[in-house]
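Chains as they are written, first to last, in numbering that gives the first Met the number 0: chain U, 0 to 617; chain C, 0 to 274; chain D, 0 to 376.
Hints in this document: simulated from the structure, not taken from any laboratory.
Warning: the hint list may mix true and false statements.
Label-pair ranges, simulated between beta-carbon atoms [said to hold, decoys possible]:
id: 1; chain 1: U; residue 1: 273; chain 2: C; residue 2: 136; range: 25 to 35 angstroms
id: 2; chain 1: U; residue 1: 140; chain 2: D; residue 2: 197; range: 27 to 37 angstroms
id: 3; chain 1: D; residue 1: 156; chain 2: U; residue 2: 373; range: 24 to 34 angstroms
Just so you know, even glycine gets a beta-carbon here, dropped at the ideal spot from N, CA and C.
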Amino acid sequence: MTATLPPTTGPQPGGTQPEAPLAAPRPALAHDWRRIARMGSIAAFGQVFIALSNMPVRLDERLIVKPVLSLGYLVLLILPFAAGYRQGHQIKREGVPTYAPGLNEVVGGLSCGALAGGGLSLLAVLLTHFDLREPLVNWSPILLDLLAFGNATWFAAVIWLVIGGGMGAAGGVLRLLGPRIRRAVVTMALAVAGAAVLESLVVDLAEGLGLETLTDRLYARRGGVNWSSALGLAVVSGLLAVVGRGRFRQARTRVTELEGAKRTQANVGLILLTAAVLIVLPLFAGKLTNELLANVGLFVLLALGLNVVVGLAGILDLGYVAFFAVGSYSAAVLTAATSPKIAPEMPWLAALIVVVIIAGLVGLFIGAPVIRMRGDYLAIVTLGFGEIIRLLFLSDWLSGWFGGSQGITNIPAAGIFGLTDVAGTDPRRVFYLVLAFCALAIYVSWRLEHSRLGRAWMAVREDETVAEAMGINTVNVKLLAFVVGAVLGSFSGAIFAAKVGSVFPTSFLILVSIVILVVVIFGGMGNIIGVIAGSAVLIGVLGGPKQPGLLVEFSEFKLLIYGALLIWMMLARPEGLIPSVRRTRELRQQEMAQDAWLRGEVDDDDGGNGPAGSPSAV
Amino acid sequence: MTDTQAAAAAVPGAVQPLLETRGLSVDFGGLHALDQLSFEVREGEIVSVIGPNGAGKTTLFNAITATVEVSDGDIVFEGQSLLGLDPNRVTSRGIARTFQNVRLFANMSVLENVMVSQHCRTKQHAFGALLYTRAFRREEAEIRQRAEEILRFFGTRLIGYRVDQPAFTLSYANRRRLEIARAMATQPKLILLDEPVAGMNPVESAELTGLIGRLRDEWGFAIAVIEHDMGVVREVSDRVVVLDHGVKIAEGDYADVANDPQVIEAYLGKGAGER
Amino acid sequence: MARAEVRPVRRRARKSRTGVDWFLTIMRVAAITVIGLGLLAFIAQEINTDNPFAQWANPDATGLTGAQFQGLIISGVTQGAMYGLIALGYSMVYGVLGFINFAHGEVFMVGAMTGMITSNKLADAGLWESNFVGSLVFIMVVSILVCSLTAVIMERVAYRPLRGSPRLIPLITSIGVSFFLQNASVVLLGPAAKAYPDVPDWIRTKHTFLDIEGAKILVILVAAVSMICLWYFVERTKSGKAMRAVAEDAEIAALMGIDVNRTIVKVFALGGAMAGLAGILWGILFRSVIHTTGFLPGIKAFSAAVVGGIGHLGGAMAGGLSIGVAESVGPLVILEPLGVSGVSQLRDAVAFAVLIGVLLLRPAGLFGERLQAEDRT
């Protein structure tokens with residue numbers, strides 16, 4: 000079969016083509032100044048935007064490293080650094096294959112960063128000479144003061160050029176470092192930042208465990224890591240990163256390479272370990288931490304539900320909050336004595352069964368009309384349904400049932416078989432309840448994904464027409480995904496009602512749907528672990544639509560950040576933080592096929608003619 | 000349904016064809032893609048549908064599998080009309096197809112492609128999967144086993160390490176093979192192959208031609224195949240149907256059809272027919 | 000013989016076979032029944048509020064006077080004209096790129112905000128009172144420029160890198176853009192509602208002509224003029240032809256020497272300009288703007304684009320008018336007579352219901368959609 004060789008056009012396996020002219024090598028220190036100017040000015044705009052968004056002023060109270068760095072200044076350092084780093088990246092990519100990074104990166108980064116910093120210098124000058132407070136609410140002397148470190152305007156102008164240039168150059172230098180040192184540096188930075196962000200959590204847990212002395216040393220009295228401890232932390236983590244290099248990955252490969260029963264054992268062990276940590280941890284945590292955990296858990300549950308719809312079946316449901324609302328309201332009506340129309344005052348668990356049925360029916364009711372629509376229409380129409388449901392709960396027309404804008408209050412605690420009562424006053428119990436339901440949701444999505452139904456969802460996501468032609472009743476299959484998602488969402492709603500003790504229409508704005516979507520996409524659609532990690536990180540750190548996260552100071556800005564994050568994820572990493580293998584394939588099919596070809600892994604043993612070589616999307 | 004039975008009764012003694020189209024017409028806004036076409040496939044038969052480009056061959060397949068709207072006529076399969084069924088119901092009645100421009104589930108593995116196509120022959124639903132019942136496990140095992148059996152039909156092409164590779168990494172010829180495997184997995188009585196050897200080299204084409212014969216002999220499928228390669232057509236077909244402009248212009252075995260002046264004219268133009 | 004028995008069976012007859020189909024049929028019937036009953040009850044009320052049917056439907060009904068009804072229609076048309084202007088942007092982008100630019104409603108909000116800022120500055124300088132018409136034209140021009148720029152930047156940053164990715168990816172991105180713009184407005188301009196400066200009397204008071212406020216006349220006039228200009232641009236100019244060619248088939252258009260990227264940028268700019276105009280009109284009419292101003296009108300305008308048949312410019316305007324009138328008249332003519340209380344709260348729900356209804360009954364919209372060649376198959 001070697002008689003028919005692939006046509007000579009296109010890259011050959013092995014990657015070298017003797018005839019192909021190589022791009023002329025760039026002379027050293029030749030900069031693409033236009034690109035530097037473009038990136039620098041974009042970063043400068045970003046800097047001005049951040050400054051005027053009041054983020055630096057508001058976040059200045061939160062110290063990262065005492066007394067050197069506050070979160071407010073930190074947000075002003077990120078962009079110049081990123082611009083400097085990225086500038087180096089582009090030189091590398093477009094240069095010759097043998098290009099070795101050097102002074103180019105540093106100079107490029109420096110100029111880029113200085114430009115970005117220059118944005119703030121300009122802003123400082125403008126702040127002193129003009130008054131634009133009228134439309135821009137944060138145009139204030141406080142901002143100027145912050146930018147000038149309490150000094151005169153000229154100082155601000157100079158210092159931000161210097162800081163920007165410095166950060167940009169640092170970004171460039173990071174490019175120069177070998178992968179090993181780079182990893183160590185990044186780990187150090189992350190360790191310090193992580194310690195600062197997780198401060199309240201760590202302090203709380205340390206109190207529970209009786210380790211106050213440790214945290215007293217680590218953190219300053221009024222927040223922030225002590226600079227000496229920060230240094231120590233950086234050194235330790237850096238060393239760990241260098242020493243432990245590859246160990247983690249090795250351990251992981253060792254686990255993934257296990258086969259059969261041993262693999263199962265390893266998995267079960269891991270799951271048990273995680274469960275044990277999650278069960279033991281809250282016992283030592285204080286109320287605030289448990290509150291946070293409970294909130295995160297609720298969103299994990301919602302995200303798992305949406306993941307069935309979006310991740311597994313590929314239906315973009317923007318009105319997912321509707322099921323959350325239906326779950327909450329039906330639980331409220333069924334359990335609360337104050338429910339306006341009917342008040343059966345059922346016990347929570349019994350009510351839950353009814354809630355599930357109602358949610359399933361609502362899922363069918365909303366799903367049936369939309370399920371045949373094209374994906375993008377479906378998205379908007381589900382969003383419309385989400386709004387309609389909220390408007391109905393809000394309306395005077397149904398206020399006899401749901402209390403209109405007054406909502407339903409005094410919802411009793413959720414009794415679990417008479418053992419305990421779960422209410423918001425004891426967030427630890429709420430967390431355990433949520434944990435149980437999360438486990439259920441994980442089990443459901445995991446089992447369904449690896450069943451006949453899961454395969455059908457996959458096929459529908461891939462190509463609906465062909466799935467139909469292969470005998471899959473696409474309408475029913477998609478509808479089922481919708482209903483499963485609805486039921487999982489309603490669990491979350493029912494717990495929410497018992498936790499908060501009251502439901503109001505304002506808890507169910509469309510932005511809840513969007514936040515859940517961001518969380519799912521951030522983590523990685525279709526991957527259970529990714530979805531959990533995504534919601535834990537985002538909701539835990541930034542907070543939910545109304546729930547505060549660890550960085551309480553961010554609450555004004557979190558929606559902005561969610562929006563920016565969604566755009567950025569879609570542009571840079573649409574498969575999410577921890578992608579599912581399959582999603583990655585879908586989104587990067589072409590690249591992966593090309594990679595496989597270059598590695599010589601492409602299936603061509605039957606002397607494939609032309610098309611085998613052209614990795615076109617099928 | 001009653002008129003079908005009446006029709007069957009009206010021709011006593013005649014063998015009921017597996018699939019029959021009666022006066023089938025498909026219009027695309029004034030264009031008659033198919034015009035009063037009567038076409039049949041009998042049990043265990045391999046029928047080739049040939050004709051110049053735009054003759055309505057693929058439209059015929061689309062009409063049978065309910066992916067285009069039929070404007071007139073009837074399609075009868077095993078004595079029952081297929082009109083009014085959704086495509087997935089047609090498939091579960093026992094008609095499977097492949098696509099002219101290979102349409103696999105590109106990101107699913109080879110095995111999954113075949114497994115998912117058994118959907119309409121399997122029953123286990125959400126609850127079985129959730130409770131992990133014995134019936135569920137048995138069915139999963141069966142699905143997997145049957146999928147592997149089907150893949151083995153293609154020799155070493157689709158088994159081994161390739162089983163777990165995503166379909167888009169397959170070579171072109173293997174994609175075509177996988178499409179046939181997928182059609183087989185729906186456990187049909189009739190398979191519609193839309194240009195199965197298009198774009199293949201002679202060696203592969205010959206191999207696949209042999210496979211089409213084996214599909215009938217070993218698995219007992221009736222097969223309708225659209226093909227341009229006359230060598231393949233001669234090799235496999237029991238009967239050849241020639242379409243032109245949505246009308247059947249000839250029917251019979253290969254030799255008859257190949258010498259039919261009308262067919263030559265349709266393919267080569269008027270002048271050639273007179274020569 | 001068999002031929003005679005084979006009736007021409009149309010696939011149309013196959014609907015309502017599966018459970019979902021039955022359900023949908025029931026829903027369609029229910030929707031039509033509710034609308035019909037509501038209308039009948041309304042007519043009964045209008046004849047005589049005491050008649051038994053009207054009493055049965057809603058004992059407290061009062062009916063509408065002719066003037067009230069006319070007022071509803073006019074405010075519906077006014078709102079609808081604005082929805083139509085916004086819908087043009089959705090429709091054009093969908094026609095050219097095949098995805099829903101969810102953030103287009105925010106462009107409209109940016110327009111209204113720009114108008115608020117500029118008009119307040121003008122009012123501070125005293126120009127707003129002394130030369131209202133000139134100021135109005137000025138803020139319109141500024142708003143058009145700002146909104147076009149916003150839309151173009153949006154395209155460049157968020158959508159251009161995503162061309163050719165799966166259809167839902169740009170949609171999700173546009174949701175992110177929408178979220179970002181909305182919240183950028185919060186952090187930069189503050190979360191409170193902001194007012195436009197006072198407008199002259201002739202804008203506020205009703206005129207003898209049909210008894211309409213000046214602002215509404217202004218809205219309808221501006222919408223009509225800009226619609227005509229847009230039509231002229233798209234149908235008669237070279238750029239317009241390029242746009243239509245790209246909408247038809249971008250690849251072929253590129254082969255014919257059309258700069259597809261530039262054309263797409265123009266489409267976004269044009270859509271942004273229309274949204275900017277609508278923003279100013281909104282500001283003049285309601286004299287108040289807040290960061291969420293863009294959300295609901297955006298969705299309704301999208302509904303309008305779908306109702307009119309997406310990709311169809313005249314359809315977008317017609318769809319806008321229908322949605323506007325439906326949400327203004329619908330609650331009072333259909334729901335109120337049926338005894339639904341507090342109907343004005345449900346106007347948004349009615350707008351969404353119209354969208355859902357149209358997609359159920361006639362998915363291609365009233366005038367049929369114009370899609371790219373690949374989407375039609």
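Against the structure, the hints come out as follows:
{"no.": "1", "hint": "U/273 with C/136: 25 to 35 angstroms", "in the structure": "holds, 26 angstroms"}
{"no.": "2", "hint": "U/140 with D/197: 27 to 37 angstroms", "in the structure": "holds, 31 angstroms"}
{"no.": "3", "hint": "D/156 with U/373: 24 to 34 angstroms", "in the structure": "holds, 26 angstroms"}
Figure legend: structure checked against the earlier numbered hints; every hint is met.
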